[in-house]
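Please model the entire structure based on the sequences and the hints provided.
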Amino acid sequence: YELRAVLEGLAFRKAAVMNPAKAASQGDVFIDKGREAVKSGRVRDLINADKAFHQFVYALSGNDLISPTMDAYWTYTQRVMGEVLMRNEKPRDVWDQHETMLNAIANGRADEAEARAREHIMTTAAFIVERLRVDFPDA
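Note that the numbering used here has the sequence shown beginning at 1, numbered continuously upward.
Be aware that one or more of the hints could be misleading.
Calculated pairs, EDC-like style, for lysine to aspartate or glutamate (alpha carbon to alpha carbon, straight line, at most 16 angstroms) [claimed, not checked]:
| # | residue 1 | residue 2 |
| --- | --- | --- |
| 1 | K33 | D96 |
| 2 | K51 | E36 |
| 3 | K22 | E99 |
| 4 | K51 | E99 |
| 5 | K33 | E99 |
| 6 | K33 | D45 |
Simulated DEER-style distance windows between Cβ atoms [as the list claims (entries may be wrong)]:
| # | residue 1 | residue 2 | range |
| --- | --- | --- | --- |
| 7 | R79 | A21 | 23 to 29 angstroms |
| 8 | A21 | G82 | 31 to 37 angstroms |
| 9 | E130 | K39 | 33 to 39 angstroms |
Quick caveat, the hints were computed from the structure, so don't treat them as lab data. Built from N, CA and C at the ideal position, the CB exists for glycine as well.
Set out below in structure tokens:
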């Protein structure tokens with residue numbers, strides 16, 4: 001997750017520099033879909049909404065290498081996220097974090113966007129690892 005945090009940070013920084021207006025005009029759709037997925041409780045919808053949001057930011061970054069580079073991480077991340085989400089009664093809602101990160105991009109605050117993205121990834125990683133330790137203590 002450390003490498004993913006660096007790449008996500010780069011994507012969010014570049015998005016804030018390259019496309020803040022597009023983030024402001026199109027980003028709320030992704031936030032709304034994410035919150036709808038939380039309400040639905042369907043694991044597939046939760047994962048797809050999260051991935052769609054991050055891919056939107058990769059596209060905003062203007063760096064065509066970020067999305068294909070992140071594909072390998074998403075394959076692994078989806079498996080782990082699915083395992084955690086299927087075992088929790090109430091999925092952890094990260095959409096307030098996503099909205100804050102989107103606002104940083106939309107307002108052209110590159111340093112904040114990068115810092116929040118890195119923090120988001122590392123906090124989420126810690127949560128996932130902890131949930132797996134609780135659910136699989138002998139692993």
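Do the hints match the structure? See the list:
1. K33 - D96: Between K33 and D96 the Cα gap is close to 13 angstroms, so the pair holds against 16 angstroms.
2. K51 - E36: 14 angstroms, holds
3. K22 - E99: It holds: about 15 angstroms lies between the C-alpha atoms, which stays within 16 angstroms.
4. K51 - E99: Satisfied, since the Cα-Cα distance of roughly 14 angstroms is no more than 16 angstroms.
5. K33 - E99: Status holds; Cα separation ~12 angstroms.
6. K33 - D45: Status holds; Cα separation ~9 angstroms.
7. R79 - A21: 23 to 29 angstroms: This hint is violated: roughly 36 angstroms between Cβ atoms.
8. A21 - G82: 31 to 37 angstroms: With a Cβ separation near 35 angstroms, A21 and G82 satisfy 31 to 37 angstroms, so the hint holds.
9. E130 - K39: 33 to 39 angstroms: At roughly 24 angstroms between Cβ atoms, K39 and E130 fall outside 33 to 39 angstroms, so the hint is violated.
Against the hints set out earlier in the document, violations occur for numbers 7 and 9.
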